[in-house]
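*Asks:* Please build the complex by placing chains B, C and D on the supplied structure of chain A, with the hints as guidance.
There are 4 protein chains.
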Amino acid sequence: MNSRWFLEETTKDEGSYHSLIDIIHKRNSPYQRIEIIQTGSYGLTLVLDGKIQSTEVDEFIYHEALVHPAMSIIDNPNYILIAGGGEGATAREVLRYQCVQRIDLVDLDKDVVDVSIKYLDKWHAGAFNDPKVNLFFEDARLFINDKHDFYDCIIADLPEPFEGGPSLMLYTKTFYETVRDALNKDGVFITQATSSAVNNISAFVAITNTLKSVFPIVRPYIVNVPSFHTPWGFVLASKTFDPITISQDIIEKRLSPFINKLGFYDSNIHFSLFTLPRFVHEAIKKGKDYIITDSATLSFY
Amino acid sequence: MNSRWFLEETTKDEGSYHSLIDIIHKRNSPYQRIEIIQTGSYGLTLVLDGKIQSTEVDEFIYHEALVHPAMSIIDNPNYILIAGGGEGATAREVLRYQCVQRIDLVDLDKDVVDVSIKYLDKWHAGAFNDPKVNLFFEDARLFINDKHDFYDCIIADLPEPFEGGPSLMLYTKTFYETVRDALNKDGVFITQATSSAVNNISAFVAITNTLKSVFPIVRPYIVNVPSFHTPWGFVLASKTFDPITISQDIIEKRLSPFINKLGFYDSNIHFSLFTLPRFVHEAIKKGKDYIITDSATLSFY
Amino acid sequence: MNSRWFLEETTKDEGSYHSLIDIIHKRNSPYQRIEIIQTGSYGLTLVLDGKIQSTEVDEFIYHEALVHPAMSIIDNPNYILIAGGGEGATAREVLRYQCVQRIDLVDLDKDVVDVSIKYLDKWHAGAFNDPKVNLFFEDARLFINDKHDFYDCIIADLPEPFEGGPSLMLYTKTFYETVRDALNKDGVFITQATSSAVNNISAFVAITNTLKSVFPIVRPYIVNVPSFHTPWGFVLASKTFDPITISQDIIEKRLSPFINKLGFYDSNIHFSLFTLPRFVHEAIKKGKDYIITDSATLSFY
Amino acid sequence: MNSRWFLEETTKDEGSYHSLIDIIHKRNSPYQRIEIIQTGSYGLTLVLDGKIQSTEVDEFIYHEALVHPAMSIIDNPNYILIAGGGEGATAREVLRYQCVQRIDLVDLDKDVVDVSIKYLDKWHAGAFNDPKVNLFFEDARLFINDKHDFYDCIIADLPEPFEGGPSLMLYTKTFYETVRDALNKDGVFITQATSSAVNNISAFVAITNTLKSVFPIVRPYIVNVPSFHTPWGFVLASKTFDPITISQDIIEKRLSPFINKLGFYDSNIHFSLFTLPRFVHEAIKKGKDYIITDSATLSFY
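Protein chains in written order, with our numbering: chain A, 1 to 301; chain B, 302 to 602; chain C, 603 to 903; chain D, 904 to 1204.
These are computed hints drawn from the structure, not numbers from a lab.
Predicted model only: the values in this text are computed from it and were never measured.
The C-beta atom is built at its ideal place from N, Cα and C for all residues, glycine as well.
Misleading hints may appear alongside valid ones.
[Stated by the list, open to error] Keeping only pairs whose Cα atoms sit at most 27 Å apart, straight-line, the calculated DSS-like set for lysine-lysine is:
{"id": "1", "chain 1": "B", "residue 1": "Lys486", "chain 2": "B", "residue 2": "Lys448"}
{"id": "2", "chain 1": "D", "residue 1": "Lys1115", "chain 2": "D", "residue 2": "Lys1164"}
{"id": "3", "chain 1": "C", "residue 1": "Lys734", "chain 2": "C", "residue 2": "Lys653"}
{"id": "4", "chain 1": "A", "residue 1": "Lys26", "chain 2": "B", "residue 2": "Lys313"}
{"id": "5", "chain 1": "C", "residue 1": "Lys888", "chain 2": "C", "residue 2": "Lys734"}
{"id": "6", "chain 1": "C", "residue 1": "Lys628", "chain 2": "A", "residue 2": "Lys12"}
{"id": "7", "chain 1": "B", "residue 1": "Lys411", "chain 2": "B", "residue 2": "Lys448"}
{"id": "8", "chain 1": "B", "residue 1": "Lys419", "chain 2": "B", "residue 2": "Lys352"}
{"id": "9", "chain 1": "C", "residue 1": "Lys841", "chain 2": "C", "residue 2": "Lys775"}
{"id": "10", "chain 1": "C", "residue 1": "Lys888", "chain 2": "D", "residue 2": "Lys1025"}
{"id": "11", "chain 1": "C", "residue 1": "Lys720", "chain 2": "C", "residue 2": "Lys888"}
{"id": "12", "chain 1": "C", "residue 1": "Lys734", "chain 2": "A", "residue 2": "Lys12"}
{"id": "13", "chain 1": "A", "residue 1": "Lys51", "chain 2": "B", "residue 2": "Lys352"}
{"id": "14", "chain 1": "A", "residue 1": "Lys286", "chain 2": "B", "residue 2": "Lys352"}
{"id": "15", "chain 1": "D", "residue 1": "Lys954", "chain 2": "D", "residue 2": "Lys1076"}
{"id": "16", "chain 1": "B", "residue 1": "Lys327", "chain 2": "C", "residue 2": "Lys888"}
{"id": "17", "chain 1": "D", "residue 1": "Lys1188", "chain 2": "C", "residue 2": "Lys863"}
{"id": "18", "chain 1": "B", "residue 1": "Lys313", "chain 2": "D", "residue 2": "Lys1088"}
{"id": "19", "chain 1": "D", "residue 1": "Lys1088", "chain 2": "D", "residue 2": "Lys1164"}
{"id": "20", "chain 1": "C", "residue 1": "Lys614", "chain 2": "A", "residue 2": "Lys51"}
{"id": "21", "chain 1": "B", "residue 1": "Lys587", "chain 2": "B", "residue 2": "Lys313"}
{"id": "22", "chain 1": "A", "residue 1": "Lys12", "chain 2": "B", "residue 2": "Lys587"}
{"id": "23", "chain 1": "D", "residue 1": "Lys1076", "chain 2": "D", "residue 2": "Lys1188"}
{"id": "24", "chain 1": "C", "residue 1": "Lys653", "chain 2": "D", "residue 2": "Lys915"}
{"id": "25", "chain 1": "A", "residue 1": "Lys261", "chain 2": "B", "residue 2": "Lys586"}
{"id": "26", "chain 1": "B", "residue 1": "Lys448", "chain 2": "B", "residue 2": "Lys562"}
{"id": "27", "chain 1": "A", "residue 1": "Lys51", "chain 2": "D", "residue 2": "Lys1142"}
{"id": "28", "chain 1": "A", "residue 1": "Lys147", "chain 2": "A", "residue 2": "Lys173"}
{"id": "29", "chain 1": "B", "residue 1": "Lys486", "chain 2": "A", "residue 2": "Lys12"}
{"id": "30", "chain 1": "D", "residue 1": "Lys915", "chain 2": "B", "residue 2": "Lys352"}
{"id": "31", "chain 1": "A", "residue 1": "Lys26", "chain 2": "A", "residue 2": "Lys118"}
{"id": "32", "chain 1": "C", "residue 1": "Lys855", "chain 2": "D", "residue 2": "Lys1188"}
{"id": "33", "chain 1": "C", "residue 1": "Lys749", "chain 2": "C", "residue 2": "Lys841"}
[Said to hold, decoys possible] Listed next, the stretches of chain B that the computed footprint assigns to chain C, with coverage defined by at least 3 CB atoms under 8 Å from CB atoms of chain C:
{"id": "34", "segment": "320 to 332"}
{"id": "35", "segment": "362 to 368"}
[As the list claims (entries may be wrong)] Facing chain C, a subset of chain B residues (Cβ under 7 Å, in silico):
{"id": "36", "residue": "Ser304"}
{"id": "37", "residue": "Lys540"}
{"id": "38", "residue": "Ala597"}
Just chain A, with the same shape it has in the complex (with noise of 0.2 Å):
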């Protein structure tokens, strides 16, 4: 029998265990307790504060799906935001459209970006030494501060909100303001949600309703990351494209050049992916008024 392991606490009563074959990398950055480890479940894995980021085997899951609802449904997005996403991914994936001509990749913490580049090839696939992303280590917050009407899509690929960790406050309507004004009057944006379990979705529900306080198209959805262990929501909002009606036809012309490098996304499952179960509509109903403010966070979560 296997006698390493890693665990990782989803709520106080719930988690997920894996074997741990060996600790790659291990080390405190000024924001975050950073582990990369290799998991008999999942291969390499990468790790911030205890809570699983992305795995070699379903990492494609997650950035394809944090990825292309957003930049495919965008006439020619030359301009693109990315806050976190230090692993290099999510990069990857917007590199696929040939339109884009920059991108802004805004990590809070070199550290993350320094073993990345180290460890993760499989994540970034050289995306960072394309001559079109520039790397910035500040708050995403303060660095979008002075950007107006200018990008074509913000994601947020960011760690869990949780009091003390170093995004607790890019999950809040301020934030959420500054993002809308830093788009263009197209723009889209786009942000990892946390858990949509039916026992643990009040975050979620949170965070789609602090967007549709600032944002007139809001179209919350969830995916299957299997190393997450729970079902996992992400959140876009838009000004004026929208997901669910553009034709099937324009997706499918987008995703065409590079369709052969998804594993998870296409144009069917763009379809399929913003219908949600009748009890998440009725749990984001329910909790319209819970809005997330600078003063009221998500630390609850």
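*Replies:* Chains B, C and D alone, transformed into the frame defined by chain A:
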């Protein structure tokens, strides 16, 4: 900190853990180890041979997803067979259709039904008292052997197949042929089909391809049941009705009498359900020759 | 494989696990979380605030080791105080001495005594029905405050001291002075004294040195109680009788009426008990200034 | 909270867990799975086949307890055999006796010695470079087969015996007879002898009684090695010297040249060591017919 934990192994390298509030009941039946526990994560939980079967909090997802994709596409389903289903929740969902005249519920293990009647009211909701429901404590495989051209719908609500477990022989080509013969000419079969996670997909692939060798229309699908901690596969196999070509109006009309009692399913979910990620299509294609037979069972699983 | 486990944390870096057969009883008293569980390793087990107090299989080791080192060295012990001891097993051992006339058993928590009477027969063996045993549900510290020059023996059978726990103030110099005053001129005090493992010895050292600041004769000792998963410390503190200078014949004679009922103790063990490994002597010497007071408690523990 | 854990199973119902700081080295030798890990509880730790062999923090207890009870009772020990002992710490303790002229260290597994030389300096402390130490990578049983009337002391520093493990045949009557013949007429044998916990004592009893069938003087004893999480048994077997009748002055004199280097042992411990709890005496008496043979091994263990 909590001291008592329930652990469920998914594979030898991976599993989930849950705080264990109480052990409501435990017994060894002639066929399997039965536990009813209270967890901090999902409340009342039925466990067979160490595997979570369903929980108070999210059993509705599993049981709606197992019943409505099949029942909603059938014209006037009258005679239904449930293989397994000892909790009674599958019968509860089938009974929502007024046209149903008779349900044969065939569970090998009388103990499962006994403990369900005693402890799992929320599951069966009185289904065992419904005069339409006929209980048989037999091997489902033997039971249907002499039924021909009879059932409108057969639903396999079984534990996972593993060596030495009671349901191993209910996932083979021979069993599926018997099922096909027991169905009438427009009959539909539906079965749970184990984990479909990218790192654990072979059994789901094998079940799908084995059904393809027996039925003309086979539609695999995947649902998030959070307490399972892994995306869950199901397969619908059909002679004439195809769930993806039927009109949405028909599905909506059939669900409408009881739509407010559903927590997961509706006609929108019906049409997004059968859209699979690219890697699942590919895994099914690659595994097209893997056919489960009585002599080469899923015990590799 | 077993699915249900009981975990006990020894330190934040270490602990033990046990298969959990059943939860016999659980309740929250005003003072602590009480559990009676059945484990595969040690049978019936009493747990307070997540810490194993004693088990069916090896409670005899703990209780004999807590009682006989003190009781066997006293000439004619009549009046005994047990602080804590709600399981009744300490009283059971004290009652083996025919000369005992009265035992005051002072446990803060009536719930512990109630559940012991109901579930732990093997522990108390009827001691609660013995007319010599007087039960008081009070704070032992207050109880002995007005007793002077009275008891022949005081036995502290308490949970481990930790911040917020009910026994923290029963391991301080002020309490030990009260104990000294409540004892008669030849009285003996004995207390359990937490883990004495080489990597976790500071509390044991502090209790020993605090008692040295109050009593002239102090004899720490260490016993293997397997279910505790760590060598367990005890301290005997005495005014005149010294366990290591008394003659073995006397000990043997005093134990002889009930020697066949003992599973752990005899006069040979008595004389080997007080011999400590070199590192323990050194740790006690090095920690000689660590005195636990009401304002500087063992909550570091 | 820590995410990485090392688990050691003691029995199928019980075990211990340790925070896992790092995996220093791991390999599979031809004989066993070797791990050197860093734990938060005991620092650097050698693990064979999932069982903790010894740790930086408390190996001194184990190794002093394995060597000095035998070495200190022998008049002028010159020739010593260590069976197993690949960490080099047993040799380190033997080398403290100036009269030792030669140590034959016979470990089946060269990989254990290689990793010890590389990683476990604190264990061997240079013993492998001592010209008195002769290394042999052979089966100890074959090695001593042709040695007769030769060694003053033979020390068995072996992993626990279990089916399929490398040391199963080094705990049988036939092996002990070979040991007896390889010893000179006053020779002493000492062996580690597995857990002696009240709920897990049968192997310790069987080793003791098997040795009683071969040697005239057999002295079992029990030591607390905290990282083992269970009281640990040892057995000394001797032809003429008896550890409990020798004078304390002699032991003290023999230990005195290096007493300050010892952390556990001294002449006081020597004389308390061989005093066993009553239940151990009884278990040994009851199990007097249990003799381990080549055909009926300890694999029941």
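*Asks:* All hints, please: hold or fail.
*Replies:* Hints and how they fare:
The hinted pair formed by B/Lys486 and B/Lys448 meets the criterion: a straight-line CA distance of about 13 Å does not exceed 27 Å. Under the criterion of a C-alpha separation no larger than 27 Å, the hint pairing D/Lys1115 with D/Lys1164 is inconsistent with the structure, at around 33 Å. At most 27 Å may separate the alpha-carbon atoms for a hinted pair to count; C/Lys734 and C/Lys653 exceed this at roughly 30 Å. For the given pair, A/Lys26 sits about 25 Å from B/Lys313 by alpha-carbon distance, which is consistent with the 27 Å threshold.
Straight-line distance between C-alpha atoms of C/Lys888 and C/Lys734 comes to about 43 Å, which puts the hinted pair past the 27 Å bound. With a CA separation close to 20 Å, the supplied pair C/Lys628 and A/Lys12 stays within the 27 Å bound. At most 27 Å may separate the alpha-carbon atoms for a hinted pair to count; B/Lys411 and B/Lys448 meet this at roughly 22 Å. Note on B/Lys419 and B/Lys352: the hinted pairing holds, with a Cα-Cα distance of about 20 Å set against a maximum of 27 Å.
Distance hint between C/Lys841 and C/Lys775 is fulfilled; the C-alpha atoms sit about 16 Å from each other, no more than 27 Å. Restraint check for C/Lys888 and D/Lys1025: satisfied, since their Cα atoms lie roughly 23 Å apart, inside the 27 Å limit. Annotation: proposed proximity of C/Lys720 to C/Lys888 is violated, straight-line Cα distance about 45 Å (limit 27 Å). Taking the CA atoms of C/Lys734 and A/Lys12, the gap is near 47 Å; set against the 27 Å cutoff, the hint is violated.
Proposed proximity of A/Lys51 and B/Lys352 is supported: the alpha carbons are some 25 Å apart, at most 27 Å. For the hint linking A/Lys286 to B/Lys352, the alpha-carbon distance of about 33 Å lies beyond 27 Å, and the restraint is violated. Restraint check for D/Lys954 and D/Lys1076: satisfied, since their Cα atoms lie roughly 25 Å apart, inside the 27 Å limit. About 53 Å separates the Cα atoms of B/Lys327 and C/Lys888, which puts this hinted pair outside 27 Å; it is violated.
Restraint check for D/Lys1188 and C/Lys863: satisfied, since their Cα atoms lie roughly 17 Å apart, inside the 27 Å limit. Between B/Lys313 and D/Lys1088 the CA atoms are separated by roughly 53 Å; this puts the pair beyond 27 Å, and the hint is violated. Taking the CA atoms of D/Lys1088 and D/Lys1164, the gap is near 31 Å; set against the 27 Å cutoff, the hint is violated. Taking the CA atoms of C/Lys614 and A/Lys51, the gap is near 19 Å; set against the 27 Å cutoff, the hint holds.
Restraint check: the Cα-Cα separation between B/Lys587 and B/Lys313 comes to about 24 Å, which is no more than 27 Å; the hinted pair holds. Distance check on the hinted pair: A/Lys12 and B/Lys587 sit about 40 Å apart at the alpha-carbon level, beyond 27 Å; violated. A hinted pair counts as satisfied when its Cα atoms are at most 27 Å apart, and D/Lys1076 with D/Lys1188 qualifies at roughly 18 Å. Pair hint C/Lys653 plus D/Lys915 holds up; C-alpha atoms about 21 Å apart against a cutoff of 27 Å.
Simply put, A/Lys261 and B/Lys586 have alpha-carbon atoms about 17 Å apart, close enough for the 27 Å limit, and the pair holds. Taking the CA atoms of B/Lys448 and B/Lys562, the gap is near 33 Å; set against the 27 Å cutoff, the hint is violated. Restraint check for A/Lys51 and D/Lys1142: the C-alpha separation of about 60 Å exceeds 27 Å, so the hint is violated. Taking the CA atoms of A/Lys147 and A/Lys173, the gap is near 17 Å; set against the 27 Å cutoff, the hint holds.
Between B/Lys486 and A/Lys12, the direct Cα distance comes to roughly 51 Å. Violation of the 27 Å bound is thereby established for this hinted pair. For a cut-off of 27 Å, the pair hint linking D/Lys915 to B/Lys352 stands: about 19 Å separates their Cα positions. The suggested pairing of A/Lys26 with A/Lys118 holds, with an alpha-carbon distance near 13 Å, which does not exceed 27 Å. Our distance criterion of 27 Å between C-alpha atoms is met by C/Lys855 and D/Lys1188, whose separation comes to about 24 Å.
For the hint pairing C/Lys749 with C/Lys841, the CA-to-CA distance comes to about 17 Å; that is within 27 Å, so the pair holds. With a cut-off of 8 Å between beta carbons, the segment 320 to 332 of chain B has 4 residues touching chain C; three or more are needed, and the interface restraint holds. Here's how the segment 362 to 368 of chain B fares: 0 of its residues keep a CB closer than 8 Å to some CB of chain C, so the rule of at least three is not met and the hint is violated. Below 7 Å, beta-carbon pairs count as interface contacts, and B/Ser304 has one with chain C at about 5 Å; its hint therefore holds.
Contact between B/Lys540 and chain C, as hinted, is not supported at the beta carbon level, the nearest pair being about 40 Å apart and thus beyond 7 Å. At about 26 Å, the closest approach between the beta carbon of B/Ala597 and any beta carbon in chain C exceeds 7 Å, and the interface hint on this residue is violated.
Comparing the model with each numbered hint stated earlier shows that hints 2, 3, 5, 11, 12, 14, 16, 18, 19, 22, 26, 27, 29, 35, 37, 38 do not hold.
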